[in-house]
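Colleague: Top line first, the protein sequences correspond to chains A, B, C and D.
Here the first sequence is numbered in full-length UniProt numbering, starting from 1 and rising by one per residue.
Here the second sequence is numbered in full-length UniProt numbering, starting from 1 and rising by one per residue.
Here the third sequence is numbered in full-length UniProt numbering, starting from 1 and rising by one per residue.
Here the fourth sequence is numbered in full-length UniProt numbering, starting from 1 and rising by one per residue.
Don't read these hints as lab results, they were simulated from the structure.
There's no promise every hint is true.
[Unchecked claim] 30 angstroms max Cα-Cα, derived DSBU-like pairs, lysine-lysine:
no., chain 1, residue 1, chain 2, residue 2
1, C, Lys257, D, Lys309
2, B, Lys145, A, Lys303
3, D, Lys113, C, Lys283
4, C, Lys309, D, Lys113
Number of protein chains: 4
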Amino acid sequence: MRRKIMIKAGIIGATGYAGSELVRLLLGHSQVEIKWLGSRSYVGQKYAGIYQNFFQLIDEKCLDDNMEELARQVDVIFTATPQGLCASLINEGILSQAKVVDLSADFRIKDVKKYEQWYGMEHKSPQFVEEAVYGLCEINREEIKKARLIANPGCYPTCSTLSIYPLLKEGLIDPNTIIIDAKSGTSGAGRGAKVDNLYCEVNENIKAYGVASHRHTPEIEDQLGYACGKEVLINFTPHLVPMNRGILVTAYASLTKDVTYEEVRAAYDKYYEKEQFVRVMDKDICPQTKWVEGSNYVDVNFKIDPRTKRVIMMGALDNVVKGAAGQAVQNMNLMFGLNEAEGLYQIPMCP
Amino acid sequence: MRRKIMIKAGIIGATGYAGSELVRLLLGHSQVEIKWLGSRSYVGQKYAGIYQNFFQLIDEKCLDDNMEELARQVDVIFTATPQGLCASLINEGILSQAKVVDLSADFRIKDVKKYEQWYGMEHKSPQFVEEAVYGLCEINREEIKKARLIANPGCYPTCSTLSIYPLLKEGLIDPNTIIIDAKSGTSGAGRGAKVDNLYCEVNENIKAYGVASHRHTPEIEDQLGYACGKEVLINFTPHLVPMNRGILVTAYASLTKDVTYEEVRAAYDKYYEKEQFVRVMDKDICPQTKWVEGSNYVDVNFKIDPRTKRVIMMGALDNVVKGAAGQAVQNMNLMFGLNEAEGLYQIPMCP
Amino acid sequence: MRRKIMIKAGIIGATGYAGSELVRLLLGHSQVEIKWLGSRSYVGQKYAGIYQNFFQLIDEKCLDDNMEELARQVDVIFTATPQGLCASLINEGILSQAKVVDLSADFRIKDVKKYEQWYGMEHKSPQFVEEAVYGLCEINREEIKKARLIANPGCYPTCSTLSIYPLLKEGLIDPNTIIIDAKSGTSGAGRGAKVDNLYCEVNENIKAYGVASHRHTPEIEDQLGYACGKEVLINFTPHLVPMNRGILVTAYASLTKDVTYEEVRAAYDKYYEKEQFVRVMDKDICPQTKWVEGSNYVDVNFKIDPRTKRVIMMGALDNVVKGAAGQAVQNMNLMFGLNEAEGLYQIPMCP
Amino acid sequence: MRRKIMIKAGIIGATGYAGSELVRLLLGHSQVEIKWLGSRSYVGQKYAGIYQNFFQLIDEKCLDDNMEELARQVDVIFTATPQGLCASLINEGILSQAKVVDLSADFRIKDVKKYEQWYGMEHKSPQFVEEAVYGLCEINREEIKKARLIANPGCYPTCSTLSIYPLLKEGLIDPNTIIIDAKSGTSGAGRGAKVDNLYCEVNENIKAYGVASHRHTPEIEDQLGYACGKEVLINFTPHLVPMNRGILVTAYASLTKDVTYEEVRAAYDKYYEKEQFVRVMDKDICPQTKWVEGSNYVDVNFKIDPRTKRVIMMGALDNVVKGAAGQAVQNMNLMFGLNEAEGLYQIPMCP
């Protein structure tokens with residue numbers, strides 16, 4: 001790997017799709033050196049043998065997930081691992097030596113009981129839940145800067161929350177009427193060898209899944225609840241789309257009063273005008289996942305329907321970047337006092 | 001073409017995707033002989049030169065759209081043409097000689113003003129609107145049998161209406177809360193040479209379009225209104241999905257009372273148990289477009305969300321078959337007193 | 001399943017892609033009743049629970065692969081199983097009770113040593129290799145009619161052999177110069193849960209595989225050798241294409257003399273003019289896999305390059321139909337004296 | 001656009017796929033400022049309104065193709081235009097003011113007659129053909145540094161030539177036996193609104209096109225001819241693959257003598273060991289287009305077939321980057337004495 005200057009980084013779960021995207025982004029980051037490519041399944045194998053896109057860019061072999069040792073060697077640890085793993089490995093010793101950005105759901109939900117209910121497992125480190133900062137940079141920027149442990153948001157929650165947040169915060173929509181219909185590319189399903197994710201099962205097909213039961217539901221509800229100051233219950237329906245990358249959120253809510261385009265637009269601008277990674281599209285332009293592919297952007301927009309007095313809110317992001325690895329890097333930048341966009345200058349790729 | 005026995009059929013718009021699917025289905029229909037392949041753009045060219053899948057199956061050349069002449073030669077005319085064309089060509093003389101199944105929207109909406117508003121064009125044959133029967137076979141079967149002119153339903157309205165109809169008819173859902181989020185394969189956009197439908201623009205991409213303004217909205221609202229006996233306003237958002245065929249509808253509505261799975265299921269069964277083309281899936285199975293591909297089936301199912309007191313209704317069909325050509329054939333079968341399923345025995349193709 | 005009249009059929013390996021396509025075709029076959037859906041991995045599970053496209057069409061559960069019992073119950077057994085399984089199960093008792101169509105490679109290669117070398121396994125039933133008939137219907141029709149055991153050809157060999165056969169048989173090309181560059185959809189890789197076949201690994205990607213070592217090489221060489229009466233060595237390179245179905249073969253060979261288009265065309269016509277499943281395209285039309293999708297057709301054509309004195313031969317088929325299940329049904333039809341096309345009337349589906 | 005320091009660049013044909021990729025790459029180039037986005041079809045329209053991926057990154061509107069004016073304003077002009085346009089606009093005045101990188105074929109073929117024959121048009125600037133340097137950087141680096149006018153190579157010729165060059169140059173293969181079977185993503189067909197390039201026509205399909213007649217044939221033959229010092233005639237067959245980006249070349253040739261893996265490998269290493277954009281893969285690894293997507297890399301490898309005494313040479317690149325815009329930037333870097341890789345650090349994106 002090319003020499004970098006300041007921050008030593010380790011990744012656990014480096015051979016998953018989020019992990020490999022972290023590698024892509026960190027390799028191009030001017031202030032980071034990757035020191036540890038952890039992958040339980042591929043220990044001892046050359047990393048570039050698994051992801052040949054890194055051929056001649058990375059010579060290192062995969063290491064294990066010894067987080068204690070890792071904490072001694074690096075400044076920041078990214079855990080891009082299955083639910084429960086980070087919580088089972090983390091401890092005060094680790095956190096006192098290295099900052100941790102957890103890309104799993106372990107520390108996203110403040111109510112441990114709720115977590116255990118939706119995820120069907122015991123939480124192994126409830127003592128760190130309170131401390132962990134939910135790493136939605138546009139909303140929790142200041143807390144992130146001071147954090148030791150970041151709960152990197154889920155892909156759906158990032159896209160959903162950023163699409164809805166301004167209107168909810170400004171009281172323009174009724175929190176009890178929110179319905180989120182989301183569509184995701186297949187990389188969101190991970191790199192596990194399952195029949196359901198085979199090319200022939202996904203291609204030329206679309207389906208809903210996890211209807212009224214998807215684990216990202218409480219995470220979204222929590223974030224929306226913080227925005228409006230009361231408990232929110234939503235319908236959230238994810239769909240699997242035959243494409244590699246991208247999430248599109250189409251959200252519906254009833255308006256609390258008659259509003260003009262300009263009023264709603266002003267709400268979005270209030271929160272996002274200075275955000276470099278949130279783009280509020282021009283009037284009548286619907287976000288498309290292709291327009292953010294490979295980049296850390298979230299594109300949002302809305303449409304008022306005067307007939308039904310509802311507003312349709314739309315958001316698009318690359319689930320592997322802003323929905324996972326990109327946001328993790330953005331969090332790291334904030335935690336280390338770097339330019340928030342460092343390593344995230346990728347321009348969306350069309351076609 | 002192979003010899004058929006009874007019904008002579010003509011198609012105007014035979015080189016569009018719906019038209020060519022009509023050809024595929026009618027070629028396999030035991031009682032039909034195709035006598036006229038009309039295509040304004042390809043007059044005089046061999047039909048199989050445009051659709052080489054019919055090579056050695058069809059030797060005929062494309063003819064024009066002379067509907068008067070066509071009416072003299074055939075028993076049934078299918079118009080798979082752009083909006084407005086059928087209305088501009090049809091007259092009493094034609095209807096007295098041949099039955100007409102119009103796959104465009106010209107005769108779907110009973111309120112001519114509403115049609116003209118949403119479609120932005122003057123209606124050229126308002127005098128036939130009242131007579132035309134909306135060809136949603138599962139709902140209007142008896143009227144269809146006696147009709148001279150069928151308004152073949154749109155792809156989205158077919159899928160949406162059949163997914164929602166039983167619950168609305170049985171009063172289980174509140175008509176003012178219906179939100180329909182639909183996803184369609186690209187064949188629904190037609191075969192016109194537009195940049196937006198190029199492979200590189202559609203592939204690896206998903207977007208909403210026609211938000212709060214799509215022309216199928218009033219058609220769906222009309223049908224749902226008939227079901228519940230009062231005016232219905234909905235939100236309908238179509239999305240373009242990178243696949244050739246298939247529509248998936250995910251619809252949301254508030255329940256009017258506490259219901260069990262069995263009660264809702266009973267409502268679906270009441271209307272569809274005897275329907276051969278509507279399959280109510282087993283509990284917790286979400287419809288997938290792949291499972292109906294190439295066939296005339298509509299797969300529907302639902303999920304109750306006790307947290308939000310809403311029900312999520314799902315439906316999947318092949319937009320070119322049940323959403324267009326297949327339903328047209330089903331209508332023809334009914335009009336001519338044939339077995340409703342004749343020519344429609346195709347088993348869905350996986351993968 | 002609907003009632004059928006004459007032939008009782010059993011399938012071992014019914015839950016693979018070839019197996020499920022057999023089910024689709026046999027369900028539509030007027031003379032066949034499916035009596036046994038064998039699937040080692042899914043014994044006791046409802047077949048339509050695995051392939052929901054058959055929902056309400058098949059109520060049966062999966063059975064095991066007890067071929068002895070199966071032979072007592074059915075007239076024909078299809079083995080759509082991994083290499084080696086059919087050879088390990090078959091015996092004289094079975095063959096004396098039921099005809100067998102083996103879709104694996106076990107009986108395709110007459111030289112058992114060669115088989116064992118390329119497939120890396122011991123042949124468990126070498127005594128039946130001689131008897132087995134290579135089921136390439138267009139070439140071995142008469143032998144097939146009398147056979148008890150059919151070695152159903154591989155997908156690549158079917159497409160390759162039929163594309164090249166006439167020119168080789170007529171001595172128009174030099175057998176030592178044949179190069180076959182083949183491209184296949186992903187269903188050819190089967191339904192096994194492997195990382196390499198995940199959607200995200202196949203989509204937006206193309207690669208060669210098995211270069212100079214693919215197991216279909218000796219099978220193709222054997223068939224081409226029979227055509228020209230001497231040993232043939234070829235280069236065969238398969239590629240994985242991001243689509244579900246379809247094989248395209250582009251084959252190159254040096255012409256043995258100056259020839260006109262008409263002379264080469266006459267060679268194709270000589271062998272295929274009366275074949276209902278081989279379509280020799282019109283001049284300058286290149287076969288496309290889409291034009292045969294879902295059907296039993298093979299489309300072939302050629303182009304002479306006077307500059308290099310080579311001919312480029314092209315062929316396209318649906319690997320799951322003519323490349324597997326469709327050809328198996330065609331073989332069954334021949335073995336039982338039925339119309340060769342029965343159950344195979346599917347018209348290719350576009351788009 | 002962000003401020004850049006040194007080189008002012010203009011693009012004619014900025015709204016095609018190659019043009020927009022030039023924009024993407026030049027926006028990330030530390031030494032370039034884009035001053036002119038020329039697009040005949042979109043004059044006066046906001047560039048980011050056509051390519052919304054550049055929303056908030058580019059505010060400029062499209063300009064015309066006034067090359068005289070452009071030459072006065074910029075240091076380098078990229079012409080990503082249809083064949084013939086650059087030749088019809090260029091003159092000594094322009095070349096004396098600005099360097100020109102022509103991405104069309106106008107100046108690639110030294111024999112004007114041959115150009116006119118294959119391209120079916122009169123050459124409007126034959127006087128500059130001799131001067132133009134063929135911009136295959138790895139082979140003509142020194143000439144490129146001194147050039148005023150670069151003929152940027154075609155996508156297929158770049159991939160084909162780089163895959164074959166070392167073996168031909170070293171005399172290891174017989175130039176009379178070269179067969180190139182190439183597969184391309186659909187962006188290579190451009191952004192023109194043609195039925196053949198519609199999503200539904202390309203998806204789930206593969207076909208050969210331009211068989212024995214594709215315009216890149218003489219370009220490849222010229223370059224291979226220079227490598228071996230005599231006229232070369234090849235077979236070149238391109239195929240259209242359902243993916244956006246990527247070209248894969250599978251080339252075949254007879255070996256001139258018995259060689260080991262190491263000998264052939266040494267030939268590749270001799271020419272590419274120091275090349276940063278050509279990666280010779282490890283033994284037995286077949287290049288995949290996904291592994292170079294979005295980057296300027298060409299991945300090459302080979303396999304010896306001792307049975308047929310042929311070698312199979314494989315190459316993969318991103319047709320929009322190394323096959324067009326990336327190589328154009330690489331050429332510009334060389335012409336202006338910059339680091340050859342500046343602006344081309346993109347790491348391939350998986351998945």
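Colleague: Hint by hint, note whether the structure agrees.
Modeller: Hint check:
1. About 24 angstroms separates the Cα atoms of lysine 257(C) and lysine 309(D), which keeps this hinted pair within 30 angstroms; it holds.
2. Taken as a hint, the lysine 145(B) and lysine 303(A) pair is broken in the structure, with Cα atoms around 42 angstroms apart against an allowance of 30 angstroms.
3. For the proposed pair lysine 113(D) and lysine 283(C), the alpha carbon gap of about 28 angstroms is at most 30 angstroms, so the pair holds.
4. About 23 angstroms separates the Cα atoms of lysine 309(C) and lysine 113(D), which keeps this hinted pair within 30 angstroms; it holds.
Checked against the numbered hints above, the structure violates only hint 2.
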